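Colleague: Each chain, written out:
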Amino acid sequence: MSWSDDTGPGVQSWIESIVPYTELQQWDWIFPSAEPIPYQLNGGMISSIWYDRVGGFDPSYPEQTVTVEQSTDRLLALLDDQIQNKGRDPRQMIIAGFSMGGAIAYQTAARWHARPNAVPLGGVGGLSCYLNRDSKLWSILKNTPETVSWPQTFIAHGADDDFILPEWGIATFERLVKAGVPASFRLIPNAHHEMVAEEMVEFLHLMKDSIVAELEVENEKGIAPSHVSASSSEF
Amino acid sequence: MATAVARKLKSVACGLWLVTPRKIRYLEYLINDAMPSKILNSMKQIFYAAGSPFFIGYWWMISSFKLLTVGSKKTFVRAMSTTDTISRSSKPLIVFCHGQMTQVQGFNPG
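Chains as they are written, first to last, in my numbering: chain W, 1 to 235; chain G, 1 to 110.
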């Protein structure tokens, strides 16, 4: 078995191959690509990754926060661009990802909701992913104003994943819940480190429900979507 | 003789057409829409365990199934062209971030 870097178009092909067309069509999709950076776990080779890792995959290794924030800055700018230039409502925007992409989705969502007067996103999704124990995200969550509520977060992990272990994903889920994130967890039987149709469809349905719920709550409060200022980004 | 050779070449060309990655992707759309996911996943696991060469057999099988199910080339082509365009409208948006790696051979990107 050989491996190569994944990119936005790569995961787009994958999702298009497993998600039923009727489900795919109900959403707009953006598949950003990570900025290629040196990857210490691969001998410093330039790789299309969202953040660097040093030591290994185990969650006990230190997070390389500087590289995490280079990516979250780009993803936040992408979300801002959708609001400012495409006229989207944050409550109808989901950020999600698979594996390292799931972790960067959590990281971006944490920074989004830590902004003063942030309008919550429509939902968050993390598939087959985990966060380091010392991740800066944990302190960001602690300092997030109580007035800003995280949206529904869907987390799933393959039960037979021997690359990113299910217990790492479960530990992250439990810690997120403890920090006040409304998350649900699904262990996918017979799945390795992969996305399967079953979890993707469940994810899309939950996100749809979450968006409807968000809009109802916000409409009751009479809150209009605010436009956050930031520069746009090209992916 | 010439007709027989031409027919043979055409069938080979059709075969190659069916197993290109892009076409496989479209076939997957169609199959996923038509076949219960539990059956599909079980089949996938069996062929996955059997090794890469068997994937082609798998895709041949599901494509035959789908062509029988759909019943007409016209429907098949229409499904392909509509799935090719993911809309950019006022629908809710998903920003989906890729993983670190993808496997070049096999199904399970990392």
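No lab work stands behind these hints, which were simulated from the structure alone. Note that this is a predicted model, so its numbers are computed, not measured. Some hints here could point you the wrong way.
Said to hold, decoys possible - Computed cross-link-like contacts, BS3-like style, restricted to lysine-lysine with a CA-CA straight-line distance of at most 30 Å: (1) W:K86 - G:K91; (2) W:K208 - W:K178; (3) W:K178 - W:K136; (4) W:K142 - W:K208; (5) W:K208 - G:K91; (6) W:K178 - W:K142.
Colleague: Are the hints correct? Go through all of them and say.
Modeller: Evaluation of the provided hints:
1. For a cut-off of 30 Å, the pair hint linking K86 (chain W) to K91 (chain G) stands: about 12 Å separates their Cα positions.
2. With a C-alpha separation of about 24 Å, the suggested pairing of K208 (chain W) with K178 (chain W) holds against the 30 Å cut-off.
3. Of the pairs offered as hints, the one joining K178 (chain W) and K136 (chain W) holds, with about 16 Å between alpha carbons and a cut-off of 30 Å not exceeded.
4. For the proposed pair K142 (chain W) and K208 (chain W), the alpha carbon gap of about 28 Å is at most 30 Å, so the pair holds.
5. As the CA atoms of K208 (chain W) and K91 (chain G) are separated by approximately 11 Å, the hinted pair is consistent with the 30 Å bound.
6. With a C-alpha separation of about 11 Å, the suggested pair K178 (chain W) and K142 (chain W) falls inside the 30 Å cut-off, and the hint holds.
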